[in-house]
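Protein sequences appear in the order of chains A and B.
Using the numbering used here, the first residue of the first sequence is number 1, and each one after it goes up by one.
Using the numbering used here, the first residue of the second sequence is number 1, and each one after it goes up by one.
If you're looking for bench data, these hints aren't it; they were derived computationally from the structure.
This one's a predicted model, so the numbers in the text were calculated from it and none came from an experiment.
Note that the Cβ used here is the ideal one computed from N, Cα and C, for glycine as well.
Incorrect hints may appear among the rest.
[Unchecked claim] If you want a taste of the chain A side facing chain B, the calculated C-beta under 7 Å gives, among others:
| id | residue |
| --- | --- |
| 1 | Arg277 |
| 2 | Ser278 |
| 3 | Thr336 |
| 4 | Lys397 |
[Claimed, not checked] Quick list of in silico lysine-lysine cross-link-like pairs, BS3-like style, CA-CA up to 30 Å:
| id | chain 1 | residue 1 | chain 2 | residue 2 |
| --- | --- | --- | --- | --- |
| 5 | B | Lys143 | A | Lys343 |
| 6 | A | Lys247 | B | Lys132 |
| 7 | B | Lys50 | A | Lys400 |
| 8 | A | Lys217 | B | Lys227 |
| 9 | A | Lys210 | A | Lys81 |
| 10 | B | Lys110 | A | Lys343 |
| 11 | A | Lys340 | B | Lys50 |
[What the hints assert, rightly or not] Listing some non-contacts, in silico: residues in chain B with all C-beta distances to chain A over 10 Å:
| id | residue |
| --- | --- |
| 12 | Phe27 |
| 13 | Met105 |
| 14 | Gly120 |
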Amino acid sequence: MEKIKQLWMVRRGEFWQEASRYLKLLGNSGFMFSLYILILGGGVYYQRWIKGLSSDFPTEWILTAVFGILVFRTPLRTFLKSADLVFLLPVEKQLAGYFRQALIYNGLLQGTSIVFVWAIAMPLYRHTVSSDIMGYLIILVLLFAVKAWNLYAVWQEQHVLESTLYDLLRGFLTIVFIGIVLFKTPWWAVVIVILAIVVLTLSIIQPLSKHLLKWDKLLAGEKRQLERFYRLANMITDVPKMRNRMKPRRWLTGLTELYGYGQAQVFKKFYLKTFIRSGEYLGIWFRLLLIGILLMILLPKGVTSAIVAWVFTYLTASQLTALYNEYFASSSTSFTLSEKYLKSSFLHIYSTVLLVQMVIFSLFALFISRSLEIAGITLLVGLALIYAFTYSYVKRKVNKTGTV
Amino acid sequence: MGKPILEVEHLSGGYSRKAQVLHDLNFHVNQGELVGLVGLNGAGKSTTIKHILGLLEPTEGVIKIAGQTIQEDADRYRSRIGYIPETPSLYEQLTLSEHLELTAMAYGLKKEVYEKRLPGLLEMFQMTNRLKWFPAHFSKGMKQKVMILSAFLVEPALYVVDEPFVGLDPLAIQALLDLMVEMKEKGSGILMSTHILSTAEQYCDRFILLHQGKIAMQGTMEELRQKVGDPKITLHDLYVAVAKGEEPWKK
């Protein structure tokens with residue numbers, strides 16, 4: 001039984017040993033460099049932007065939304081493995097300590113990210129809401145408290161499969177709590193919300209543990225978290241263990257019908273469907289598009305917009321190369337006969353997806369800077385860059401190694 | 001009996017030259033013939049199949065499909081094989097209908113032919129209303145059905161079927177057997193490895209008994225019985241004797 005007590009330490013150690021290898025690689029990669037530049041540049045603009053704000057800027061609303069999401073989103077890392085379902089299930093009772101340590105671990109980790117974001121928000125908060133440092137620190141403590149409650153509730157929810165209703169209630173109370181704290185509402189409002197939280201906890205959340213612990217749910221959550229990490233690591237290196245989560249996204253399936261029927265179309269359809277559904281490819285594409293557009297809006301208009309478009313399409317491009325490997329994820333021989341079209345089809349889909357992103361960026365450049373010139377330069381140079389990157393660098397990579 | 005569709009001559013091979021698994025195999029499968037490949041775990045059945053598919057290269061010997069080796073024309077060679085693997089392998093991001101459509105496309109099947117063949121096959125295996133499902137929601141048996149559907153959809157000249165019955169429900173087993181008989185009558189050759197010996201004895205025209213990478217015996221049930229001088233011996237008893245290393249044909 002001594003072994004079970006040490007299990008948490010062993011598992012956590014195993015993960016961080018693996019993680020540190022990837023983090024080292026990530027630290028030295030070009031992606032991180034681009035990120036540093038963005039952070040540094042962003043920081044300067046951020047400071048300048050704050051100075052221009054008046055005190056009626058809706059800081060409270062924005063911070064409520066940001067911290068509402070940050071506190072509500074409570075993923076659970078448990079370091080469980082699927083084999084535990086066979087070997088650890090019989091000793092579930094003795095794992096109470098293990099799970100307690102897991103909750104503490106998650107609390108520390110998620111607490112750190114709250115501190116981090118709260119620190120970023122400090123200049124904004126002190127400039128537009130209140131420069132009182134004590135109030136600022138008290139809010140941080142309250143954020144910790146409501147995070148702890150969220151962690152407890154999420155743990156209790158692991159005892160039932162269907163928890164949407166609890167999530168809704170928890171999310172609602174979390175956001176309201178953060179809102180009343182930030183808006184400095186009268187004391188009785190605070191009391192009411194805290195009472196509501198206590199009542200919800202005692203009447204619904206706490207009794208959940210009379211159900212059996214749902215291991216499948218715990219495992220699914222762990223798998224999601226692990227994949228998130230692998231996805232991040234996969235940006236800069238090949239992660240053998242990466243297993244993709246699949247999202248059907250049926251509303252986009254129609255797009256893949258643009259490619260007709262025939263031997264040459266097999267891998268065009270395959271890669272477009274994979275891009276749409278598998279892993280985070282579409283997510284990365286969309287998120288980088290969104291951040292790029294946001295920066296275009298915040299940064300000075302003009303050539304900056306074009307540069308943002310190029311940089312973000314490059315960031316997208318460098319992460320989408322892994323799409324090529326998806327074909328080799330299965331040992332299926334069903335499509336072997338089309339393999340002569342494999343590489344060209346991949347490069348076609350890869351460049352098309354980037355091209356669409358660049359067109360959207362250019363439209364926004366036009367919309368924001370109201371200059372046909374800027375939009376034109378963004379698009380034309382952008383297309384040239386995509387073409388060059390795809391058919392020199394990526395093509396060589398694909399031809400050389402077989403996998404990217 | 002038709003002409004040979006698959007010819008294996010003096011095949012030796014395995015995963016590396018040092019660790020040879022197969023030793024001088026000689027056999028063939030004729031058009032319109034169902035041949036059972038029988039042997040213990042590790043006897044070399046899957047390795048033999050991998051050589052036939054062209055996933056492994058023989059160290060010695062030749063494998064021909066319709067008289068052609070894979071070196072002569074890899075695409076034509078491969079397009080003549082429909083393979084049903086022992087472990088179904090599917091893409092998580094493709095639905096049942098997409099697996100089938102892309103397979104048909106890869107094999108160069110005409111769209112009309114694909115659309116004509118599909119409904120009957122789906123019905124046979126009770127998969128009609130699962131067309132839009134993703135493999136994550138399939139049981140082992142259903143995944144196996146996808147592999148079976150893919151193979152029979154393209155109606156190749158040679159079927160290579162590796163232990164197909166495990167995980168299938170009884171209706172699907174019967175459907176598969178019926179389909180194999182139908183394809184056989186249409187002139188395809190079928191090589192099937194299996195451990196379900198009673199079914200094999202009932203359905204296969206000939207047998208290849210593999211033991212430790214060598215062919216211990218081969219022939220029709222009649223021929224095998226004659227060789228061991230026991231006119232009533234079942235395939236099961238014969239196989240057990242071979243597997244124990246008794247070399248019953250020497251008695």
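Against the structure, the hints come out as follows:
Hint on Arg277 of chain A holds. Least Cβ distance to chain B is approximately 4 Å, under the 7 Å limit. Hint on Ser278 of chain A holds. Least Cβ distance to chain B is approximately 4 Å, under the 7 Å limit. The criterion of a C-beta within 7 Å of any C-beta in chain B is met by Thr336 of chain A, whose closest approach is roughly 6 Å, and the hint holds. With 7 Å as the threshold, the beta carbon of Lys397 of chain A stays out of range of chain B, its nearest partner Cβ sitting at about 22 Å, so the hint is violated.
Among the hinted pairs, Lys143 of chain B with Lys343 of chain A is consistent with the structure: their alpha-carbon atoms are about 28 Å apart, no more than 30 Å. Taken as a hint, the Lys247 of chain A and Lys132 of chain B pair is honoured in the structure, with Cα atoms around 13 Å apart against an allowance of 30 Å. Between Lys50 of chain B and Lys400 of chain A, the direct Cα distance comes to roughly 26 Å. Compliance with the 30 Å bound is thereby established for this hinted pair. Distance check on the hinted pair: Lys217 of chain A and Lys227 of chain B sit about 59 Å apart at the alpha-carbon level, beyond 30 Å; violated.
Taking the CA atoms of Lys210 of chain A and Lys81 of chain A, the gap is about 24 Å. The hint holds against a cut of 30 Å. Distance check on the hinted pair: Lys110 of chain B and Lys343 of chain A sit about 24 Å apart at the alpha-carbon level, within 30 Å; holds. Distance check on the hinted pair: Lys340 of chain A and Lys50 of chain B sit about 21 Å apart at the alpha-carbon level, within 30 Å; holds. Every C-beta of chain A lies more than 10 Å from that of Phe27 of chain B, the closest at about 22 Å, which supports listing it as non-interface.
Some Cβ of chain A comes within 10 Å of the Cβ of Met105 of chain B; the nearest lies about 5 Å off, and the non-interface call is violated. Listed as a non-interface residue, Gly120 of chain B keeps its Cβ farther than 10 Å from every Cβ of chain A; the least gap is roughly 20 Å.
In the structure shown, a violation is registered for the earlier hints numbered 4, 8 and 13, in ascending order.
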